[in-house]
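A.B. asks: As a plain string of letters, each chain reads:
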Amino acid sequence: MTTAGGTGYRVLLIDDNRDLLDLITQSLTLLGDYSVVTADNGADGLSLAVELRPDCAVIDVKMPGLDGYQLVRALRGDSDTAAIPLIILTALTQEHYHFAGLLAGADRYLTKPVTPSDLVQAIHEVVRLSEAERTRRLQALLDDAADVSS
Amino acid sequence: MNASMKDVPFVVHAERQIYAEYDRDRRLRISRVIAPAFASILTLLIVASQIVPQQFTGTRGNLGVIALCDALFILGAVAAARRRVNLATGSILIAALLIMALSVLVNQPFILSDLFTVPAVVIIGLSALIGRPWMILGTTALATAFVLFLSKSPSLMHDLADPNNVNSIGAFIVELWLLALVLYGAARGYRTVLRQISDVRVQYERARQLDDLKDQFITSVNHELRNPVMLLQGYVELLRLKGSELSAERRDDLIQRASRAGASLTRLVQSILDTRRIDQRAGDFDPEVLQVGEMVMASASLVDPLEGKGVERELHINVSHGLAVWGEKVRLQQILTNLLSNAIKYSAAGTPVEVNARVALEAIPRSSAWRLSRRNSGAERTERPMVEIAVRDHGLGVPPDQAPLLFQRFVRLPRDLASATVGNGLGLYLCRELAAAMGGRIWVESAGVEGEGSTFYLQLPLASSAGAEAT
Numbered sequence: 000m001t002t003a004g005g006t007g008y009r010v011l012l013i014d015d016n017r018d019l020l021d022l023i024t025q026s027l028t029l030l031g032d033y034s035v036v037t038a039d040n041g042a043d044g045l046s047l048a049v050e051l052r053p054d055c056a057v058i059d060v061k062m063p064g065l066d067g068y069q070l071v072r073a074l075r076g077d078s079d080t081a082a083i084p085l086i087i088l089t090a091l092t093q094e095h096y097h098f099a100g101l102l103a104g105a106d107r108y109l110t111k112p113v114t115p116s117d118l119v120q121a122i123h124e125v126v127r128l129s130e131a132e133r134t135r136r137l138q139a140l141l142d143d144a145a146d147v148s149s
Numbered sequence: 000m001n002a003s004m005k006d007v008p009f010v011v012h013a014e015r016q017i018y019a020e021y022d023r024d025r026r027l028r029i030s031r032v033i034a035p036a037f038a039s040i041l042t043l044l045i046v047a048s049q050i051v052p053q054q055f056t057g058t059r060g061n062l063g064v065i066a067l068c069d070a071l072f073i074l075g076a077v078a079a080a081r082r083r084v085n086l087a088t089g090s091i092l093i094a095a096l097l098i099m100a101l102s103v104l105v106n107q108p109f110i111l112s113d114l115f116t117v118p119a120v121v122i123i124g125l126s127a128l129i130g131r132p133w134m135i136l137g138t139t140a141l142a143t144a145f146v147l148f149l150s151k152s153p154s155l156m157h158d159l160a161d162p163n164n165v166n167s168i169g170a171f172i173v174e175l176w177l178l179a180l181v182l183y184g185a186a187r188g189y190r191t192v193l194r195q196i197s198d199v200r201v202q203y204e205r206a207r208q209l210d211d212l213k214d215q216f217i218t219s220v221n222h223e224l225r226n227p228v229m230l231l232q233g234y235v236e237l238l239r240l241k242g243s244e245l246s247a248e249r250r251d252d253l254i255q256r257a258s259r260a261g262a263s264l265t266r267l268v269q270s271i272l273d274t275r276r277i278d279q280r281a282g283d284f285d286p287e288v289l290q291v292g293e294m295v296m297a298s299a300s301l302v303d304p305l306e307g308k309g310v311e312r313e314l315h316i317n318v319s320h321g322l323a324v325w326g327e328k329v330r331l332q333q334i335l336t337n338l339l340s341n342a343i344k345y346s347a348a349g350t351p352v353e354v355n356a357r358v359a360l361e362a363i364p365r366s367s368a369w370r371l372s373r374r375n376s377g378a379e380r381t382e383r384p385m386v387e388i389a390v391r392d393h394g395l396g397v398p399p400d401q402a403p404l405l406f407q408r409f410v411r412l413p414r415d416l417a418s419a420t421v422g423n424g425l426g427l428y429l430c431r432e433l434a435a436a437m438g439g440r441i442w443v444e445s446a447g448v449e450g451e452g453s454t455f456y457l458q459l460p461l462a463s464s465a466g467a468e469a470t
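Top to bottom, those sequences are chains Z and X. Just so we're aligned, residue 0 is where the first sequence starts under numbering that gives the first Met the number 0, counting upward by one. Just so we're aligned, residue 0 is where the second sequence starts under numbering that gives the first Met the number 0, counting upward by one.
Just so you know, these hints were derived from the structure itself, not from any lab. Careful, some of the hints might be misleading.
List time: in silico DSSO-like cross-link candidates among lysine-lysine, alpha-carbon distance up to 30 Å [said to hold, decoys possible]:
no.: 1; chain 1: X; residue 1: Lys344; chain 2: Z; residue 2: Lys61
no.: 2; chain 1: Z; residue 1: Lys61; chain 2: X; residue 2: Lys213
no.: 3; chain 1: X; residue 1: Lys213; chain 2: X; residue 2: Lys344
no.: 4; chain 1: X; residue 1: Lys344; chain 2: X; residue 2: Lys328
Simulated DEER-style distance windows between Cβ atoms [to be verified]:
no.: 5; chain 1: X; residue 1: Arg207; chain 2: Z; residue 2: Ala144; range: 30 to 36 Å
no.: 6; chain 1: X; residue 1: Ala19; chain 2: Z; residue 2: Arg136; range: 55 to 61 Å
no.: 7; chain 1: X; residue 1: Glu293; chain 2: Z; residue 2: His123; range: 55 to 61 Å
no.: 8; chain 1: Z; residue 1: Arg136; chain 2: X; residue 2: Glu20; range: 51 to 57 Å
no.: 9; chain 1: Z; residue 1: Leu140; chain 2: X; residue 2: Asp252; range: 38 to 44 Å
no.: 10; chain 1: Z; residue 1: His95; chain 2: X; residue 2: Glu451; range: 37 to 43 Å
no.: 11; chain 1: Z; residue 1: His123; chain 2: X; residue 2: Gly261; range: 27 to 33 Å
It should be emphasised that the depicted structure is a prediction, and the values quoted were computed from it without experimental measurement. C-beta atoms are modelled at their ideal positions from N, C-alpha and C, and glycine is treated no differently.
All chains should be modelled from the sequences, with the hints used to inform the complete structure.
C.D. replies: Set out below in C-alpha cells:
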C-alpha cells in the first residue's frame, strides 16, 4: 500500500500496473487535491477498502488473483463497503465487458486512455451520486438487460 | 516429458495426416458393419448345423473352415471397434477369401463363370472398399494363385476339356487383373481427390486459425497500447495544466515518465512493424562472422531494465572465446535480446539467467539425407556443424501442450494473457523467422514446472573460419 496526501476526497486506486498507479496518483493529487491510497492487486485492494472506507475506489479489471469484477461484487456485497462509489478503469473496450462491469455494481466504466482531468471529473460525479440514484441506475440497467433477453 | 519445438514439421505432418484419417474412418465404418454382420451369420450357421445337422451337407472340414472364418470376422469386429484398421480389414479379407475358396471347393464340379467369378469379383471389390490400394493387388494375386491351384484339380481339368470352357482359365485371370487394375486406379484416384479435399480443408483451417489469432492479437495489442498511450497522454496533460506550478525537478520527473511511456509505445509499434518487414524481406540477408560472446554481451546491454521490474539479475555466460557464427548482426542481436528479455520477464526476481554456447552437429533427418544423397549422386552429407546457443531461465516454464504455439505469430499463452506481464505475441515469431533467414532454427525445451524454467535453443551455422579454433 502506498499513500499520497491531500485535503480532498480519499481515493483508493487498485491496478497491477505500477506506472499507471504513479500517473493516477500524481494526477489526483495535482488536479484534485485528493489523498490517494494504492494497491497493486485485488486482494490488497479489498482489505484496504474494508479498512479505510475510501470516498471512491478506482479499479482495474485484469489483475492477478481477484479481478476487478470480483472485487466490485465483493465490495457491493458487504454492507460496510456497499456504498463506496466505484469506478472501473480498464483497457477492455468491448461492450459486453462494459455491461458486465456496470452489472457487477460499478458506478462508472471508463476505458483507457483517460485523461487526468476526465478521471477527476468522473470521481467528482460518482462521489456525489446518492444511494437512491445508484439504485435507480442499476435497476434501469437490469431492465435494459431484461428487454434485450426477451 | 519435455516439450520441444525441435520438430517444427510435426505440425505439417499432423496436417498431412488429416486426409489419411478420413480414409481410415471410412474403412473402419465399413468394417464395423461387415465384420459383425458376417460373424453373426456364420455363428448362426454353425449353431444351426449342430441343432439340425441333417439340413447341412458339408464335411466336418468345411465346418472347421466356416468356424475359422467366423473367428476371423469376430477378430475383425473387435479390431474395428479398437480402431485397428489394418487388422480389421486384413481379417475380413482373409475370411472372405476362405469363404470364396470353400464355396468353390464344395461345389465341384463347377463352372468358372457361375461359381468362381462372382465370389472373386466380390472379394476384389470388397478389398477395394475396405482395403488400401495395395490390398486390391494382393487379394487379386491370392485369387490368381487359387485359380492356378484349382486348375490342377481333375474336375477342373475335366471342365476345361469342354470346348466351351477352353481358354476360360487364362481369360478369367486376365479379367480378374483388369478388374483389379481398374479398382486400383479408382482407389488411387479416390485417395488423390481425398488428399486434395483435405488440403483445402487444411488451408481453410489455417486461414481460420490465423483469423482467430489476428482477432486475439488485435485485442491484445489494443489492450497493450492503451496503457502506454494513457501514460503518455496523462503526463503531457499534467505538464500542460500544472507544469508552470511545479518545481523544475518535478517537471523533469514527469517529462522522463512521459518519455518512458513513449519509448514503450515505440517498442510495441516497432515489433508490429518488424513482423511485416520480415515477411517482406525474408530472403534479404547480409551475413558476416559474428563472435557469439560479444553478441551475447551486446544484446544483454540492450535488454530494458524495466523488463526485470528494475531488479538486477545475474547473467551467467559460458561461451568459448573465438566461437563464432555465420549470421547478420542486427538479426542475431534482435533474437538474443528477445530471448534474454523473455527469460527475465517470465522468471522470478533473484533467479539467474544462463547463456551457454557450444558447437553441435546438426543431423539431417534420414529421409532428407537419403533424398539428398540420391540428388547428389551419393554425396555424403548427413550432418553439418552449428553453434547452439542455449538461454535458460528458472521461471514458470512452458506447459508442454502449449509449447508448439509459442513461435506462431500473434500467440500468447493463456497464462500470460491473464497475467500482468506485457507482451504482444510477436517476439518469438520474429526470432523464429530471423533464425530461419540465417539458416538456423530455434526451439524450446521445458518440463512446464514452475521453478525449473525453460531453455530456448538457437542454432546457427558455425563460421568456418572460427570452426577449427572452436573445436
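A.B. asks: Indicate, hint by hint, whether the structure satisfies it.
C.D. replies: Now for the hints, and whether the structure bears them out:
no. : hint                            : in the structure
1   : Lys344/X - Lys61/Z              : holds, 18 Å
2   : Lys61/Z - Lys213/X              : holds, 21 Å
3   : Lys213/X - Lys344/X             : holds, 24 Å
4   : Lys344/X - Lys328/X             : holds, 24 Å
5   : Arg207/X - Ala144/Z: 30 to 36 Å : holds, 32 Å
6   : Ala19/X - Arg136/Z: 55 to 61 Å  : holds, 60 Å
7   : Glu293/X - His123/Z: 55 to 61 Å : holds, 57 Å
8   : Arg136/Z - Glu20/X: 51 to 57 Å  : holds, 55 Å
9   : Leu140/Z - Asp252/X: 38 to 44 Å : holds, 41 Å
10  : His95/Z - Glu451/X: 37 to 43 Å  : holds, 38 Å
11  : His123/Z - Gly261/X: 27 to 33 Å : holds, 30 Å
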